[in-house]
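Student: Single-letter residue listing:
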Amino acid sequence: MDQATPTLEELHKLLQMSDTINMEIFYWWCIALMVVIHAGFLSYEIGASRLKNALTAGVKNILAFAFIVPTFFFFGWWIYNAFYGGFTPDLAGAAGALPWAKSMGPDVTDNATGIFWGAFVMFAATTASIMSGAIIERTRMSAFIVLAIILGSVVWILAAAWSWHPSGWLTTEWGFHDVGAAGCVHTVAGFFTLGVVINVGARIGRFNADGSANDIVGHSMPMSVVGLMLVIVGFFGFLGGCIIYVPGEQWTNIYGQHTTLSAFAFNTLMGFAGGLIGAYLTTREPFWMMSGGLIGIVSVAPGLDVYYPPFAYVIGMGVAATAPLVQKYMVKKGLDDAVGAFAVHGYGGFAGLVLSGLFIGGYPNVMEGAPVVNFLGQVGGAIVLALLGFIPGYAISLVMKKMGVLRVPAHAEERGLDLVEVPAQAYPEWAITGASTTVANTSSDTGSYDKLHDAKPA
Amino acid sequence: MSSPITSWDGASTVFTYADKPAIMGFILLVAVAVTVFAIWATVRHEKHSYSSPMPKTKK
Chain A
1 MDQATPTLEE
11 LHKLLQMSDT
21 INMEIFYWWC
31 IALMVVIHAG
41 FLSYEIGASR
51 LKNALTAGVK
61 NILAFAFIVP
71 TFFFFGWWIY
81 NAFYGGFTPD
91 LAGAAGALPW
101 AKSMGPDVTD
111 NATGIFWGAF
121 VMFAATTASI
131 MSGAIIERTR
141 MSAFIVLAII
151 LGSVVWILAA
161 AWSWHPSGWL
171 TTEWGFHDVG
181 AAGCVHTVAG
191 FFTLGVVINV
201 GARIGRFNAD
211 GSANDIVGHS
221 MPMSVVGLML
231 VIVGFFGFLG
241 GCIIYVPGEQ
251 WTNIYGQHTT
261 LSAFAFNTLM
271 GFAGGLIGAY
281 LTTREPFWMM
291 SGGLIGIVSV
301 APGLDVYYPP
311 FAYVIGMGVA
321 ATAPLVQKYM
331 VKKGLDDAVG
341 AFAVHGYGGF
351 AGLVLSGLFI
361 GGYPNVMEGA
371 PVVNFLGQVG
381 GAIVLALLGF
391 IPGYAISLVM
401 KKMGVLRVPA
411 HAEERGLDLV
421 EVPAQAYPEW
431 AITGASTTVA
441 NTSSDTGSYD
451 KLHDAKPA
Chain B
459 MSSPITSWDG
469 ASTVFTYADK
479 PAIMGFILLV
489 AVAVTVFAIW
499 ATVRHEKHSY
509 SSPMPKTKK
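Taken in order, these protein sequences are the chains called A and B.
Following the working numbering, the numbering of the first sequence begins with 1 at its first residue and continues without gaps.
Following the working numbering, the numbering of the second sequence begins with 459 at its first residue and continues without gaps.
Since the hints were derived computationally from the structure, they do not count as laboratory data.
Accuracy of the hints is not assured; some may be wrong.
Now the in silico label distances, taken between C-beta atoms and shown as ranges [what the hints assert, rightly or not]:
#: 1; chain 1: A; residue 1: Pro286; chain 2: B; residue 2: Val488; range: 44 to 54 Å
#: 2; chain 1: B; residue 1: Met459; chain 2: A; residue 2: Ala32; range: 26 to 36 Å
#: 3; chain 1: B; residue 1: His503; chain 2: A; residue 2: Asp19; range: 45 to 55 Å
#: 4; chain 1: B; residue 1: Val488; chain 2: A; residue 2: Thr88; range: 29 to 39 Å
#: 5; chain 1: B; residue 1: Asp477; chain 2: A; residue 2: Ala32; range: 31 to 41 Å
#: 6; chain 1: B; residue 1: His503; chain 2: A; residue 2: Phe87; range: 34 to 44 Å
#: 7; chain 1: B; residue 1: Ile481; chain 2: A; residue 2: Gly334; range: 48 to 58 Å
#: 8; chain 1: A; residue 1: Gln425; chain 2: B; residue 2: Thr464; range: 34 to 44 Å
#: 9; chain 1: A; residue 1: Ala32; chain 2: B; residue 2: Val472; range: 48 to 58 Å
#: 10; chain 1: B; residue 1: Phe484; chain 2: A; residue 2: Pro423; range: 28 to 38 Å
#: 11; chain 1: A; residue 1: Glu429; chain 2: B; residue 2: Phe484; range: 42 to 52 Å
Note that CB positions come from ideal geometry on N, CA and C, so glycine has one too.
Extracted from the complex, chain A is given alone in its bound form (with noise of 0.2 Å):
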């Protein structure tokens, strides 16, 4: 009898185990649910691609996951743990992020390297996701996949270790406070996407000469409606993952803070709701509602753990109604954005960090050392991560474009990237007949199909 009887040691190791695998466990999923992000992008971008462009758009989204998984192993791992001092690496305390260090593979000692290796590989792909959308139906693939690597594996990992990361310096020096990250992902890809808008151009008939512009609609908005609608059930997966399970303890947030799912839930829905709403609002439209929505989490993301869920609900809504005033702003300028991303992302991201520099200042920093939450904290590592992504974005960019290797030529634009490059048809028994949804702007009288082509990219 007392040999059946365990020990309080064998009870306290039992619990233990039991403990980091619920841990395993639940990042496990989470990477599972992230996942779902990837299927909702690829499901809206082929929607709000035209037909004659349907699988090039599906094909760009698959490798940007297929090249990210790798290079993230190779560096971009490394570049987290390495870079979070800003940009001298801390070589000692990464060496067992290399690629070839013996905590990078099976290791039936480690329960945690991997599955936090396999969830931030899943917020390198969504960041590059992020950009995938907005230069569909013109971008090069080759491009395309090197910038997708460089925003995936290099750039938002380094605003990642700066703002992300328990020691980032911009939180251990400005008191920066990001729980959802609207800043390394969301801030990041939005602004990195601006720049590459701006050097690939339009597409052939966005524009007209005289600057007006036409609407290019995608063929098939319910798709892209039920994408944008899986990004939203990923974003569980996504939230999930910005909270750290301590076997034994409370949650806490990424810079050790206490928190709970419960906070996160609350807020993550109000903010949702807000959004759609708030984008309701100012569109009527389901494109929008549902990227309302996405612009409602991104909004409260810096602050899901602490805001008051009313007022989380009132800040997504805010955010999500002016959104489209910006993308119709960049239309004015010329730029064509084919989803919003910059909009939904770099503004969405921007603005809920400036919001919270405003709502969540005076929150204890547990680093030592480290300033209260405040906003100039808020304000500057905003304007710092902005930059972060801009830069890098539009440098890279504007090289290939010098070169001649950004974007696809006419010909080949104007036939469609699926005749022209996949084996496959989306929909064989349909026509692809061109640039049939592209509508031209009632307003001006340019609009002819011929006219529309005759148009030069921006």
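Fit chain B to the known structure of chain A by using the hints.
Tutor: Frame of chain A; chain B shown alone:
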């Protein structure tokens, strides 16, 4: 032998060639090389696709 262990008792790192850094390094280099090759192959595919003769667009 690719196994770095002879017993599961007390084992920690168990992945193939974990005890042979040279082979590990070689495999890593191959992985990097095939990734770069895939990008190069994409560029080549595009070059071929964009230069292939195509019938004129119907208007």
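Student: A separate judgement is required for each hint: does it hold in the structure or not?
Tutor: Verification of the supplied hints:
1. A:Pro286 to B:Val488: 44 to 54 Å: 47 Å, holds
2. B:Met459 to A:Ala32: 26 to 36 Å: The hint (26 to 36 Å, Cβ to Cβ) holds, given that Met459 (chain B) and Ala32 (chain A) are roughly 34 Å apart.
3. B:His503 to A:Asp19: 45 to 55 Å: 49 Å, holds
4. B:Val488 to A:Thr88: 29 to 39 Å: Given about 31 Å between the Cβ atoms, the range holds.
5. B:Asp477 to A:Ala32: 31 to 41 Å: Holds - the Cβ-Cβ distance for Asp477 (chain B) and Ala32 (chain A), about 32 Å, lies within 31 to 41 Å.
6. B:His503 to A:Phe87: 34 to 44 Å: 36 Å, holds
7. B:Ile481 to A:Gly334: 48 to 58 Å: 54 Å Cβ-Cβ, so the 48 to 58 Å window holds.
8. A:Gln425 to B:Thr464: 34 to 44 Å: 54 Å, violated
9. A:Ala32 to B:Val472: 48 to 58 Å: Cβ of Ala32 (chain A) to Cβ of Val472 (chain B): about 24 Å, so the range 48 to 58 Å is violated.
10. B:Phe484 to A:Pro423: 28 to 38 Å: Distance hint for Phe484 (chain B), Pro423 (chain A) holds at roughly 34 Å.
11. A:Glu429 to B:Phe484: 42 to 52 Å: 49 Å, holds
Violated hints for the displayed structure, listed by number in ascending order: 8, 9.
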